[in-house]
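Asker: Protein chains in written order, with our numbering: chain A, 1 to 546; chain B, 1 to 474.
Simulated from the structure, these hints should not be mistaken for laboratory data. Where hints are given, some of them may not hold.
Said to hold, decoys possible - FRET-style restraints, in silico, Cβ to Cβ:
#, chain 1, residue 1, chain 2, residue 2, range
1, A, I112, B, G451, 46 to 52 Å
2, B, S471, A, G498, 37 to 43 Å
3, A, K277, B, E227, 36 to 42 Å
Because the structure is a prediction, the values reported are computed rather than measured. The C-beta atom is built at its ideal place from N, Cα and C for all residues, glycine as well.
Listed here are the chains, written in short residue letters.
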Amino acid sequence: MPVITLYWDELERMVEADREEILEKLPLLGCDIERVEEEHIDVEFFPNRPDLYSVEGVARALRGFLDLEPGLRKYSVVKGDWKIVVDGSVLDVRPRIVGCVVRKLEMDDEVIRSLMQIQEDLHWTIGRNRRKMAIGVHDLSKVHFPLSYRAVKSDFSFVPLDFDEEMTVAEILEKHPKGVGYRFILENKDLYPMIVDSKEEVISFPPIINAEKTRVTEKTTDLFIDVTGFDENVDRALNIIASMFHDRGGEIQSISIVYPDRVEVTPDLNPRIMEVKQDEIRELLGFRIKVNEAVRALERMRFGAEKLENTIRVHIPAYRADIMHPWDIIEDIAIGYGYDKIELEYPSTNTIGSVHRWNKVRDIVREIMVGLGFLEVTSFTLTSEKLQYEYMNRSAMAWKDYVPLQHPLTEEHTIVRTHILPSLLEILSMNRHHTLPQKIFEAGDVVVNSKNRLKLAGVITHSKAGFSEIRSIVQALMMELGIEWEAEESQDRAYITGRSAEIVVEESVGNFGEIHPEVLERFQLSTPVAGFEIDLSSLFDVGEVI
Amino acid sequence: MILSPMEITLLKYLETGREYTIDEASKITGLKRDAVMKASHLLQEKGMAEIRTKERRKYFLTEEGKSYLRDGLPEEKLYNLLLKNDVEIESAKKVLGKEFGIALGWLRKRGIVDISDNLIKLRKRAEFREREILEKIEKEEVVAGDLNELLRRKLIDFDEEKEIYVRILKKPEAELKEVIKDLTPDLLMTGEWRNREFLKYDVKIPSKRIFAAKYHPYERIVKECREIFLEMGFTEIKGNFVQSSFWNFDALFQPQDHPARDMQDTFYLERKVELEREYVDKVRETHLNGWKTGSTGWGGYWSIDTARKLVMRTHTTAITIHYLAMNPEPPVKAFCIDRVYRRESIDATHLPEFDQLEGVVLDRDVGFRHLLGLLREFFLKMGFEDVRFRPGYFPYTEPSVEPEVYVEGLGWVELGGAGVFRKEVTKPLGIKGRVLAWGLGMGRLAMLRLGMKDLRKLYQPDIGWLRDLPSVVR
Numbered sequence: 001m002p003v004i005t006l007y008w009d010e011l012e013r014m015v016e017a018d019r020e021e022i023l024e025k026l027p028l029l030g031c032d033i034e035r036v037e038e039e040h041i042d043v044e045f046f047p048n049r050p051d052l053y054s055v056e057g058v059a060r061a062l063r064g065f066l067d068l069e070p071g072l073r074k075y076s077v078v079k080g081d082w083k084i085v086v087d088g089s090v091l092d093v094r095p096r097i098v099g100c101v102v103r104k105l106e107m108d109d110e111v112i113r114s115l116m117q118i119q120e121d122l123h124w125t126i127g128r129n130r131r132k133m134a135i136g137v138h139d140l141s142k143v144h145f146p147l148s149y150r151a152v153k154s155d156f157s158f159v160p161l162d163f164d165e166e167m168t169v170a171e172i173l174e175k176h177p178k179g180v181g182y183r184f185i186l187e188n189k190d191l192y193p194m195i196v197d198s199k200e201e202v203i204s205f206p207p208i209i210n211a212e213k214t215r216v217t218e219k220t221t222d223l224f225i226d227v228t229g230f231d232e233n234v235d236r237a238l239n240i241i242a243s244m245f246h247d248r249g250g251e252i253q254s255i256s257i258v259y260p261d262r263v264e265v266t267p268d269l270n271p272r273i274m275e276v277k278q279d280e281i282r283e284l285l286g287f288r289i290k291v292n293e294a295v296r297a298l299e300r301m302r303f304g305a306e307k308l309e310n311t312i313r314v315h316i317p318a319y320r321a322d323i324m325h326p327w328d329i330i331e332d333i334a335i336g337y338g339y340d341k342i343e344l345e346y347p348s349t350n351t352i353g354s355v356h357r358w359n360k361v362r363d364i365v366r367e368i369m370v371g372l373g374f375l376e377v378t379s380f381t382l383t384s385e386k387l388q389y390e391y392m393n394r395s396a397m398a399w400k401d402y403v404p405l406q407h408p409l410t411e412e413h414t415i416v417r418t419h420i421l422p423s424l425l426e427i428l429s430m431n432r433h434h435t436l437p438q439k440i441f442e443a444g445d446v447v448v449n450s451k452n453r454l455k456l457a458g459v460i461t462h463s464k465a466g467f468s469e470i471r472s473i474v475q476a477l478m479m480e481l482g483i484e485w486e487a488e489e490s491q492d493r494a495y496i497t498g499r500s501a502e503i504v505v506e507e508s509v510g511n512f513g514e515i516h517p518e519v520l521e522r523f524q525l526s527t528p529v530a531g532f533e534i535d536l537s538s539l540f541d542v543g544e545v546i
Numbered sequence: 001m002i003l004s005p006m007e008i009t010l011l012k013y014l015e016t017g018r019e020y021t022i023d024e025a026s027k028i029t030g031l032k033r034d035a036v037m038k039a040s041h042l043l044q045e046k047g048m049a050e051i052r053t054k055e056r057r058k059y060f061l062t063e064e065g066k067s068y069l070r071d072g073l074p075e076e077k078l079y080n081l082l083l084k085n086d087v088e089i090e091s092a093k094k095v096l097g098k099e100f101g102i103a104l105g106w107l108r109k110r111g112i113v114d115i116s117d118n119l120i121k122l123r124k125r126a127e128f129r130e131r132e133i134l135e136k137i138e139k140e141e142v143v144a145g146d147l148n149e150l151l152r153r154k155l156i157d158f159d160e161e162k163e164i165y166v167r168i169l170k171k172p173e174a175e176l177k178e179v180i181k182d183l184t185p186d187l188l189m190t191g192e193w194r195n196r197e198f199l200k201y202d203v204k205i206p207s208k209r210i211f212a213a214k215y216h217p218y219e220r221i222v223k224e225c226r227e228i229f230l231e232m233g234f235t236e237i238k239g240n241f242v243q244s245s246f247w248n249f250d251a252l253f254q255p256q257d258h259p260a261r262d263m264q265d266t267f268y269l270e271r272k273v274e275l276e277r278e279y280v281d282k283v284r285e286t287h288l289n290g291w292k293t294g295s296t297g298w299g300g301y302w303s304i305d306t307a308r309k310l311v312m313r314t315h316t317t318a319i320t321i322h323y324l325a326m327n328p329e330p331p332v333k334a335f336c337i338d339r340v341y342r343r344e345s346i347d348a349t350h351l352p353e354f355d356q357l358e359g360v361v362l363d364r365d366v367g368f369r370h371l372l373g374l375l376r377e378f379f380l381k382m383g384f385e386d387v388r389f390r391p392g393y394f395p396y397t398e399p400s401v402e403p404e405v406y407v408e409g410l411g412w413v414e415l416g417g418a419g420v421f422r423k424e425v426t427k428p429l430g431i432k433g434r435v436l437a438w439g440l441g442m443g444r445l446a447m448l449r450l451g452m453k454d455l456r457k458l459y460q461p462d463i464g465w466l467r468d469l470p471s472v473v474r
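One chain only, chain B, in its complex shape:
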C-alpha cells in the first residue's frame, strides 16, 4: 500500500474510532487544514478513514447575555445582597431596579429564598453555573449541559453550521514509516533505505518528452550504401563540385552541341581552366572522327574553349572517369556518393542539387553480363530481392540498361541506370579493359526508404520531422 507522508502523519496522531473536526486534527498533527483534508480523502479511498459532514449549533451571547456577564446575573446580585442580611422587599427593589422581579422569581423557583413579613430571607447557599456557561460561550469553548434555560431567557442564541469530521477506521498492521520518494545520498549512506519502502509511481503516466540527438535519416541510407560498396571491395573516391566541361562532358563523349550541355540545364561558371594536354588531343579526335576507337565520331567541330569552361558538375561520372584516367590499369573498383547540380526549378521531385551514387568496375574479362550480375547483387544487398533489366540509353555507355526493382505496393520501380563505358570514352583516356558503370539518384532511394513524397525535406530540414522519425525505419 502506498501512503504519502501526510497520510502517515494523520494515522500516527489520530485515535482510531474517534471523530475529529478538521481544525482539531490540524491542531493535533501540525498539518495544514488543506493537507488534513487531502490526506483524509486519500485514506478514505483506501478504506482507512471516514469523512462525515455534520450540522452543528454555534452558540453566541445575546446583548442581554453580554450585559449579564459583565454586570452579573440579577439573581446573583440579589443573592449577594441577602448573604449579609435579610432584606426588605422595598429596599431590594431600590437596589435591583427592574431586574428585581427576575431575580426574586429565579431565587424563589429554585427554593433559595423565602418571603415573610415583607422580608426576603435566604434559606440555603447556592451556586450560579449560568455565569460559567456564558463565559465559555463567550470564549467559543465547548459547553456541556443543558442550555435550554439560557435560550429561554434569551441570554444566548445560535447559528446552524456545517462541520467536517474525520474518523480513522483502522490503521495498517505494519509499523508506519515514511516511504522514500527521492533516494538521497543520506538514505544510502546511513543505510536507512533498508527500513523504508519506496514510494511507487504510476508507470502508465508519460513523462516529459525529450529528443534524441541523432544522425540524419538520409545519412543513414548513404551509410548503408557506402557499406555495401565497401563490403564488395570498392574504393571510395571524392571529387570537387566545380569541374571543367572537359571532364564533365567531353571526356564522356558528349557532343558539344548536346542539349544536356545547354545553359538551360547546367550551371556554368564564368571561368575557364587549363586542361591536361595528354588527354585533350585524343578526346578531340574521337569527337571529330572517332580517332582509333572504331567509331565514326560526331563530326562537326570541337572547341577546346568550350571544354575549358567550368561547370557545377552535373553527375558524379565526371569524377569516376577522371579517377579511371588516373588509374587506367585493371583491376579497379571505385565508388562515389556525392552532390551533383542541375539547373532546375525546385519542386517536390526536382532539386537544383542532389546526391548521386555511382560505382565502376574496370577489368579485362568483364562484360555486360557481369554488369547485370553486379547490379543484381548490389540491389539484393540493398534489400530489393527482385530485379529486372530493360534496355536504356546513356550517351557514354553501350550497351545501356535501366534496372527496375520490385517494391511492395508500388510494383516495378526504375532505379538508376547502368552500362558499359563506350570505347570512345575509355580508349582516348588510356583506360585498359572495359568499364562497367552504374548509378542512381539517392533522392529516389530516400523516397522509397523513408516514404517521402517531397524531396525538399532532405535539404530544408524540418526539425519536428527529424525528431519524430524513428532511427529505425521499417
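The shape of chain A in the complex, shown without the other chains:
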C-alpha cells in the first residue's frame, strides 16, 4: 500500500486546520500514520482510495471530515479544441487513451512534487505497475494538436526523455533504463503504441517513456496529460489527476478522442449518481441512523446527498474510483458518522460451539506425549525434498506423495512436508548445545497428495537412546489410544535394519526404531536418536476437512 509524504506547511494551509487536529482525525478517515516528523508526516492510505495519494486529495477529504467544507466540491471542465485521433492499429495493442489539458497553473515545486508522487503511486496501484494504465505529462507548448495515437514497428525512432539522440523502439527497450524496466509489458508484441503530433514528432511511447521534447520544466505553464491503457482505470486515473489540478486552481480543458467508430470527450468530472436504500443502511450498519444524520455523514465524506422517500440519492465525485456497490457508500456513512460513535452490541445469534474432531484427536495425543515426558515443539510445514527424503534415505514422488511449490523462494522451502520426523531431527540438530537427554514431539499437519493428514512424531536423544526405549514409548502410546497393533520388521532405511519396526494395524500406520547413523550424520547429530512417526488420520475419524 502506498505511503504518502505530506508536508505540514502545505497540508495545514490547504486544510485550514492545525496539525494536532489533523493528526487526531486522519486515522478516523481510514489510514495508518507511519511517521510523524517536524516537516512532514508519512501516511499509508488504503488501495481503494487512490484519490488520497496526493496532498490535494487528503486536504479535500479532511476539509469535509472536519466540517469545514462538507458536501460535493464543484469541478468544471472547459470544452477544449483539442483532438486525439485513435488509429485502428493500436486497438489490439493498448486500446484506450484519455487526456486533458491543464492551463493557468503555476508550476511551482509543490505542484511538481505532488504530481510526481501521485503519478508514481497511481502507476503502482490502479496501473498495476503501468500494465493496466500509464500516465504521461507534457509541456503543452511543445505539443502540436491534433495528435495521432497509433501502433508502430520496432524500427520506429525518436529522441526519448533523458537522451539527446534518436533511438528506435527496439533500442529503447534494449538500452533505455525505462525501456529495460517496463519492456515486460510489451513482451511478444510486434507493434508498439505511440502518440505522435501533427508535425509527425513523437510525444510519448506509452507505457514506457515520453519524448524529450515535451519535458516539463519550471517554465512550463500549461500541461497536456495523456493516460493510456485498457479499461475504465484510465478514466479513474485521469479524473483523480484532473481533480487534483483543479483543486490547485488550474483550468481543466477537455480533449476529443476520435475512435474509428465513436468520439469520446475526456475528462468527465461530473458526479455519478447512486441511490442507497434507507433500509439497507440500517440492515448493514445494524442500527437505525437518522436520514439527516446519514446525509450529513455523506457530506462529511464529500458526497452530495439528497434525502428521498425511501432512499438517499448520492452524488459520487468523479475522483472516487472505489464505489462499486451501495455498501461502499454505506461504509462511508459509517466513517462519516464516526466508528467511535457507534454503540456496540453483541449479536444475539444463538449457536452451540463444537470442537473439530481433528483437534480432539490431536489434543489427546499431545496430552499422552507430554505425559510420557516429551517436550512439544512446532515447526514449519514447508521444507525440501533433500531434508524429507534424501537425508532420510527415503524416496517419494511429486504429487502422488508430496506437493511441490511452483516458484519456491529458497532451497530450504520447496515442498510441503509429508513427514514430521525429519523436522524433529532438524530441531535436534539446531539444539545440539543443550543438555541431554532431549525428548521432543510434534502432532500436526502434513500434506499427502494435496490433502492434509494428521501425524504424530517423537524423538529421543541421549547416549543410550535405542530401540527398546522407543518401543516402550510406542507401546504406551498405542495402549493409551486403545489400539491393538503388531510390530513387523521394517525395511525403512531411515532406521537401522533389525532395530526398526512398522506399526501394523491391518496395514502399516507408522514406524519406529533407531535412526540410521547415515541419517544422523547428515543432520550432524553425534548422539544416538530413536524415533517414531504415526499417521493418526488412518487410525481415527478426524472429521471433515474442507
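Given the coordinates of chain A, assemble chain B onto it according to the supplied hints.
Answerer: For chain B alone, coordinates are given in the frame of chain A:
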C-alpha cells in the same frame, strides 16, 4: 544436632578428656585416618572435641646403641663375668677390650663393684634397665623414664616430629544412635526408624536441574483462543492447506489481476482442479458485471483457468467462505485457527507460513454494529480491556475495520482486521443474511503475550528457550 555416623563412632569409642593421636584413634575406632580427621573437625565445629598439634620427640638407636643391644652393654658383660668369680684387672681388660674402661666406670659409679689388690669384686647384685629401654625404642614403643643418660652416652638420638591429637570435650546427653540418611524398606519394616533421627539436609542447596515435559507456549495461546471461541458458541472448522485459486481469491471477489494474486506474493502449485459448477458461473458474472448483487463488478475479463490453479492458501478465509457456502442458512458461527502461506523471505517479523485466527458469524439481523460488539467481547476475553476501531480496507469486506487494543508499555496496537463480507462475496454463493468476519495473525498475539521479538522462534524452536520459559507467563 546433626551427627554423621563417623562422628558418632568417634564419640562412642574415645574417652572424654583424654588425648589421642590420630593413629591411636584410628586403631581404636576402626575408622580410617582420613575419617577420624574429618569427624574430629566436624565435632570441633560443634564444640564437642578439640584438636591440638604438638611437637614430639621420636627416639631411635645410634649405631653404638644398636651394637650394644645386639652384643650386650659393656657393664653387663663385666657384671656377668664377675658373677662367677672375682676377676683380675688384667684378665678383664683382655676379655672386654676397649669397652673395659666404660664397663668398670659404670659399675663403680653405681657402687656395684670394688677394686682391691688388682682384683675386681662384686659388691651387690644389679639390674640393667638400659637394655629394656633400647629394646622398646628399637620397637618404636612408648618409653617411660629418664632417657638423658642414654642420650649422653650417645646410644640413642631423636628427631623432632609434629603429632595431631584429638580430645573429646563432651558427649551429647541423649543416647547416641546412627541417624537415618536413606529411609530403607528395612528401616520401615522393622520399625527401626522410630528409634532413629533423620539426617537433616541443607535445604538451601539447589538440587540438579531437571526439565518439565510440557506443551509449546504458542500452543497454549492457540488453546486459549479456541476456548474463547467455544465459550462463545462457535464451531471449529478445518481445511486443507492446498486450495484452488477460486476459493482462495475468486469467491472472495478478489479481481484476477489483483497484486495479492501475483506469483510474487503467493505460492502457486503447478496443477489445476475441477471447480464446483454451481458456484463458478455466478462468481464469474459477479466479477464481470456484478450479477444480481447491485455491484458494477470489476469489468475486464475473468478466466476459469486462473481460478482452477492450486495455491497454498494465503488466508483461512478460503476455508470460512467455503464452509459458509456449504452451510448458507443462518445462524452459523464458525472459527478456524490454522496455517497460511505467503511468498515472503524469512526475517524476524515475516515468515513464509504462519497461523491465522478467523471467526465468522452468519445471521439475518446482524450488522456492522454487532461486529464491533463481537470484537469488543472477543478482545475482552483475551484480556485486552480497551479496544477502539478505525476504518480499514479488505477487498472482501464492506464496511471494514481495524481494531486496536491498548497494551501497557506499547500503547494502541493494531490487532487484526474485520468487516462485513461484501454482497459480491455472499450472494453468488447463496449465503443468506450477512456475514460478520474478523481475523488476526497469531504471531502478533504470540509476540504480545510471550514478549517475543523474533517470530522465527515459533517454528524453529530453541529447546533452551522452551525449557526456560515458564508454563505460566505473566
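Asker: Now look at each hint and say whether the structure bears it out.
Answerer: Consistency of the hints with the structure:
no.	hint	verdict
1	A:I112 <-> B:G451: 46 to 52 Å	holds, 47 Å
2	B:S471 <-> A:G498: 37 to 43 Å	holds, 40 Å
3	A:K277 <-> B:E227: 36 to 42 Å	holds, 41 Å
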